[in-house]
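Chains as they are written, first to last, in my numbering: chain A, 7 to 415; chain B, 7 to 415.
Worth flagging that the hints you see were computed from the coordinates, not collected in a lab.
Careful, some of the hints might be misleading.
Identical copies go unnamed one by one, so any copy, or any two together, can satisfy a pair.
Derived lysine-lysine pairs resembling DSBU-like cross-links, with alpha carbons at most 35 Å apart [claimed, not checked]:
1. 395 to 227
2. 61 to 406
3. 324 to 116
4. 61 to 97
5. 61 to 34
6. 333 to 34
7. 229 to 342
8. 324 to 345
9. 229 to 395
10. 395 to 26
11. 116 to 345
12. 366 to 327
13. 231 to 395
14. 324 to 31
Number of protein chains: 2
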Amino acid sequence: MALIVQKYGGTSMGSPERIKNVARKVAKFRAEGHDVVVVVSAMSGETNRLIALAKEVAATPEPRELDVVISTGEQVTIGLLCMALQDIGVKAKSYTGSQVRILTDSSFTKARILEIDEERMRRDLQQGSVVVVAGFQGVDADGNITTLGRGGSDTTGVALAAALNADECQIYTDVDGVYTTDPRIVPEARKLDTITFEEMLEMASLGSKVLQIRSVEFAGKYKVKLRVLSSFQDGGEGTLITVEEDSNMEQPVISGIAFNRDEAKLTVLGVPDKPGIAYQILGPIAEANIDVDMIIQNVGHDGTTDFSFTVGRGDLDKAVKILDGVKAHFGARELKSDKTMAKVSVVGVGMRSHPGVASKMFRTLAEEGINIQMISTSEIKISVAIEEKYLELAVRVLHKAFGLDGGEA
Amino acid sequence: MALIVQKYGGTSMGSPERIKNVARKVAKFRAEGHDVVVVVSAMSGETNRLIALAKEVAATPEPRELDVVISTGEQVTIGLLCMALQDIGVKAKSYTGSQVRILTDSSFTKARILEIDEERMRRDLQQGSVVVVAGFQGVDADGNITTLGRGGSDTTGVALAAALNADECQIYTDVDGVYTTDPRIVPEARKLDTITFEEMLEMASLGSKVLQIRSVEFAGKYKVKLRVLSSFQDGGEGTLITVEEDSNMEQPVISGIAFNRDEAKLTVLGVPDKPGIAYQILGPIAEANIDVDMIIQNVGHDGTTDFSFTVGRGDLDKAVKILDGVKAHFGARELKSDKTMAKVSVVGVGMRSHPGVASKMFRTLAEEGINIQMISTSEIKISVAIEEKYLELAVRVLHKAFGLDGGEA
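Please construct the entire structure, taking both the sequences and the accompanying hints into account.
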């Protein structure tokens, strides 16, 4: 008899047949005696369809009105899921963000949740109803409809779990859990039974996009027990995302190998080796809203130095144009760019207590003749930038070297 | 400087291009200095699409949840219209039924409006905004979303006009006004400049389906000045629906010729001519929710009589089956049915003060050899049931006889 919040994404809600399938899944939990609150996304493709419609009537749709339009996607699915539940004899009641009352700030299209009124939900649960809540949306203090931005339904799920003090928040998706790396690259990749919030954040931001980062941060902050599961597969335990480090000594030091293919490197050669140069180079880049990831400043000689950094590949042309414009100011010799970079990271809270992870990583890559172009580290991850053509090879050898392959765990 | 409520139907909102067209229309009224509140329907076809989706997940969708789903149609169009207005520099703000607060009872899918809070709308109007309100929907006292039933957007328009004490409620549709009869049958049919509420009710219920009957009743009750106009044509005055009878003495006695093609007649022959027989025959029909329209009981002879009535053609088989079952009870000789009936009506408040309308109607039809099978009258209309094959002829000759043809007005 637990209180479970379940979140089903757009693919799980993608057709009437799939919605009926979700209803059967929810019914099973009810039959086991659990209280269930369900958060749903819009049917896959629906939000994009609505945005396209908006762009047909106005080049730059006003954000308040855009939220009025796109929030209908989830309003449709909450109603449909309730009907499907009632059709198989399960009491259910739907709520829009406004009806719950999920109070947010007034930042239309990217609102933040401020407060959740859980009274109506509790009353329905007590009366034996499944409560179905529209993800991705809320209402501001003036009664305006707001949305939380892409992936916001995960955040709704976690926030409701926190407000209701739920025993678990289950995120149903089209994968059956978090893997040690992408199984399309390493067939030996294993599903992790548990992963810490910190690791999950590193994995997510590095490209293993199972959960929206914001919802993971939220879950970590409010100590919500979060589980990722497949909505198309029955009986799996998925991956539990925990606050605590696994105390099992046999646990591998590294939890997974993350990667990102879409990197590009910029190098400014021969800049004066003096204070303030990093700001002079990166200031204009930041002003243009370009995210900079890894940064290296070589040791200078002859009073000049080389400065390199990576950006998302889509931002490269913009970044080059900006630097071309300001290069003269700081007297740089040359600007070089490389579109074919990739980033590979080993992630694991275990490395805090296990030195030697970095050297093992570098040795493994060196043995395959893979040149490391840049390095960045945090307490629980080490990332390297390499030529993109070596990406798959690097992921495979690191996965094996750190004992993540199925046989060796 | 008037306050105008405008209602645009699904066809007018049927595509991004059409929505932009509505925005331009609204902008013109704003430019003339008027305050404008706009009520919109869902894009044409959208409500049916949503109902179909609901029926795919549940054979009998629960009404509360059905309303949650189908109310999204208008929520999309209010947002889109506001964006389109803002895009051409017109301040605008959208409201769902719940946001306005259009308070209704809790009869999901066919709710009745109880009260409208006009404060937020007034504030926006004062600040120079066009207010765009979702038609067809409201909210009950518990915060549940309700809908008003088919055609409910007309009712929303009239109700808002009443609540705001608007100078006029304009219903934009795909015809440019109310006609003396269907121009497809009588090319000489003229658009009426004015028509009374009572006449409009008779015209509407008899098949000239320009406005939803309920909204006309509502407008009559609250003395809302109602005007029907084309949304695809500029500059027309449409038809004004008024409380008062036109005092113009030149006004023809009859305002229009209405008709209904889908009638069927049932005759029970040789029933005992005694009190209670009408109830015995029609009671079971009413219990089966079949609407009976015209009724005739012949003068009896030899202690028996014949009893006839009309029903909608779609109900005929059901009615025959019911009467076959009960016929023995009242000892009827025979049951006859006729599927090919039609009803033609002359409508006009003028007939109150002009006797002789009925005889003129009967003579006109007789001159064409059209046999009148049944007659029913009210204070402002006379209806006759005739064979369907004579329908067009009857409408044409009556239209001419009562001076409604273009040239003679």
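> How would you classify residue 395 and residue 26 at a CA-CA limit of 35 Å: within, between, both, or neither?
Replying inline: Answer is neither: 44 Å inside a copy and 50 Å across each miss the 35 Å cutoff.
>> My question is about residue 324 and residue 116: at a cut-off of 35 Å on alpha-carbon distance, are they close within one copy, between copies, both, or neither?
In response: within (25 Å within a copy, 56 Å between copies)
> Which holds for residue 324 with residue 345 at a C-alpha limit of 35 Å: within a copy, between copies, both or neither?
Replying inline: Within one copy only: 13 Å inside, 75 Å across.
>> For residue 229 and residue 342, with the copy left unspecified, which applies at a CA distance of at most 35 Å: within, between, both, or neither?
In response: Classified as neither; 46 Å inside a copy, 77 Å across copies.
>> Within a copy, between copies, both or neither: which one fits residue 229 and residue 395 at a CA-CA cutoff of 35 Å?
In response: neither (40 Å within a copy, 77 Å between copies)
> Should residue 333 paired with residue 34 be assigned to within, between, both, or neither, using CA atoms and 35 Å as the limit?
Replying inline: neither (64 Å within a copy, 52 Å between copies)
> For residue 61 vs residue 97, is the C-alpha pair at or below 35 Å within one copy, between two copies, both, or neither?
Replying inline: Close across copies (18 Å), not inside one copy (39 Å); limit 35 Å.
>> Within a copy, between copies, both or neither: which one fits residue 366 and residue 327 at a CA-CA cutoff of 35 Å?
In response: Neither: 38 Å inside a copy, 87 Å across copies.
> 35 Å Cα cut-off: does residue 395 pair with residue 227 within a copy, between copies, both or neither?
Replying inline: neither (38 Å within a copy, 77 Å between copies)
> Quick one: residue 61 to residue 34, C-alpha cut-off 35 Å, is that within a copy, between copies, both, or neither?
Replying inline: between (41 Å within a copy, 23 Å between copies)
>> One pair to classify: residue 116 and residue 345, alpha carbons no more than 35 Å apart. Within, between, both, or neither?
In response: within (31 Å within a copy, 61 Å between copies)
> Checking residue 61 and residue 406: alpha-carbon separation at most 35 Å within a copy, between copies, both or neither?
Replying inline: Neither: 48 Å inside a chain and 51 Å across chains, both beyond 35 Å.
Checked against the numbered hints above, the structure breaks hints 1, 2, 6, 7, 9, 10, 12, 13 and 14 and satisfies the rest.
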